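J.: Sequence:
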Amino acid sequence: MSTSRRWALAGARVMTGLIGIAAALSTVAAAVLLPWPSQSVQPVETVVTPAAAEQQRVCPGPLLTLAADASAASAASSIGSANTVYAAGSVNALSPDAVAVSPLQIPDNVAGEAAGTPLVLSVPAQEDAASDAPLLAGAQSQTAQTETLTGFAAARCAEAGSDGWLVAGSTSTGQTSLILLSNPTAVVASVDLTVYGENGLVDAPGATGILVQPGSQRVVALAGLAPNLNSPVVHVATRGGQVVASLQQSVIRGLVPGGIDLVGTTAAPDLEQVIAGFIVPAALIDPTRSNESGIHDDGAVVRVLSLGDVPADVTLSVTADADGGNGSSTTVTLEPGVASEIPLGDLTAGSYTVRLNSDAPLVAAARSTEKSAASEDFAWFAASGTLGDHSAIAVADGPAPTLRLANPSTMAQTVTLQQPGAAPVTLSLPAGSALIRPLDAGASYTLEGESLDGVRASVSYQGSAALASFTISPPGPLAQPIGVYVR
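In case it helps, our numbering puts the sequence shown at residues 1496 to 1982.
No wet-lab data here; the hints were simulated from the structure.
No experiment lies behind these values; they were computed from the predicted model shown.
Any given hint might turn out to be false.
[Claimed, not checked] Across the chosen pairs, the derived CB separations fall in these ranges: (1) E1549 <-> D1658: 16 to 26 Å; (2) D1841 <-> E1549: 19 to 29 Å; (3) A1732 <-> G1607: 25 to 35 Å; (4) A1548 <-> A1763: 17 to 27 Å; (5) P1722 <-> R1748: 44 to 54 Å; (6) A1548 <-> A1732: 40 to 50 Å; (7) A1732 <-> G1840: 12 to 22 Å; (8) P1831 <-> T1921: 38 to 48 Å; (9) T1909 <-> Q1600: 38 to 48 Å; (10) N1723 <-> P1831: 38 to 48 Å.
In this text, a Cβ means the ideal position worked out from N, Cα and C, and glycines have one as well.
Whenever a hint applies, use it, and build me the whole structure from the sequences.
T.: Now the structure itself:
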């Protein structure tokens, strides 16, 4: 075959290939340009409301004392019995009869069960998904009167969780702080305690992997983990079972007891913290008195821990809850991870709402001291979370129990306070206001409103050398409606 013929055949093949490619491209282009048949199905949403699970609250139990070796947890011993009040039911029908009560084991309490134990309050799971989850609340109180412990302590019975912050306590000379870890679940809880102090994060050997057996309470002396701290803040993180964490702090000055308190966890880290109903007593402690570290450990202060990565600017505002009190406002810069105390020494006697706003998450609580001619007592006032639409309150016995509501939001709120067998009381809370309402010791109440997301609440007690407070929290999400989308 001649060379020219071979070139002709090759050219023909190339032309044929180009024509085929062009045809294919034309087909693809037509497919892209022409409309394709389509079909769409709108997802169908079904709202499912599960039956409410079993509710539980744990009361921390009797006050404890330690032997001479304060670092030995096994030396804890209860000094009497706590008085416990509880109720469950609907808004208009709270009753103690609806609550099942069971004790926790106390292997770290050498007094055994003679003086009582921590209590688990429970309401069975609801079989009917259409039924509202019942409200449940409990609280305890106790007066200590021994050679080494005096004062009044009150605490709410709290819901177990896997994360919490204890903003209270001290391990300096004359101060004893015990961490109570109560596990109401059927699973072993492994608890890690992270301790912060006035110099930052504390190296605390033995603070991780603390095992709390199901249905039991462990007692951990904070001095055994982190001695010589003036202002500790403790983060409690749990794996496995969940726990209720509390802190008992007691003071002795030389040979004279200086009060006792039992503190629950404060509100979770946030850019804003609100302490409702902080009490400054009329009988103020001598502000010149300090401990061996030069710290005034009996004055009115706010303890705060910033959890950011860089220094944070924090605005602290204190507003009187009623006419006649003064207030204050200040801005401070806090180092991250350093527990700091801000003094409130210029406040006159009265009740206040304390508000902290920061550009980094923080936790906070405030301390105050009540004095009589012969004795003194102190209390920690924790920051509280916002209320839900319905909350229950149990009022343990004690001097002058008082409901304290704070509405730091920009919207007015209306709250209905209901005591079983009594007419409901409507309470109005204008924006930025607070309200004080006396309560009956030993009684139970409900709080309800259309939207109480901005309202904080606490219950306080005040008498001669007696001071205590605990927060009110909404129930956990036990039976919230769930939207399920089906295609």
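J.: Determine for every hint whether it applies to the structure shown.
T.: Hint check results:
1. E1549 <-> D1658: 16 to 26 Å: Hint holds: Cβ distance 21 Å, inside 16 to 26 Å.
2. D1841 <-> E1549: 19 to 29 Å: Roughly 49 Å apart at Cβ, these two residues miss the hinted range, so it is violated.
3. A1732 <-> G1607: 25 to 35 Å: This hint holds: roughly 30 Å between Cβ atoms.
4. A1548 <-> A1763: 17 to 27 Å: Holds: the Cβ-Cβ distance is about 22 Å, inside 17 to 27 Å.
5. P1722 <-> R1748: 44 to 54 Å: violated (19 Å)
6. A1548 <-> A1732: 40 to 50 Å: Given about 23 Å between the Cβ atoms, the range is violated.
7. A1732 <-> G1840: 12 to 22 Å: Taking Cβ atoms as reference, A1732 and G1840 lie about 35 Å apart, which means the hint is violated.
8. P1831 <-> T1921: 38 to 48 Å: 44 Å Cβ-Cβ, so the 38 to 48 Å window holds.
9. T1909 <-> Q1600: 38 to 48 Å: holds (45 Å)
10. N1723 <-> P1831: 38 to 48 Å: violated (22 Å)
Of the numbered hints stated above, those contradicted by the structure are hints 2, 5, 6, 7 and 10, listed in ascending order.
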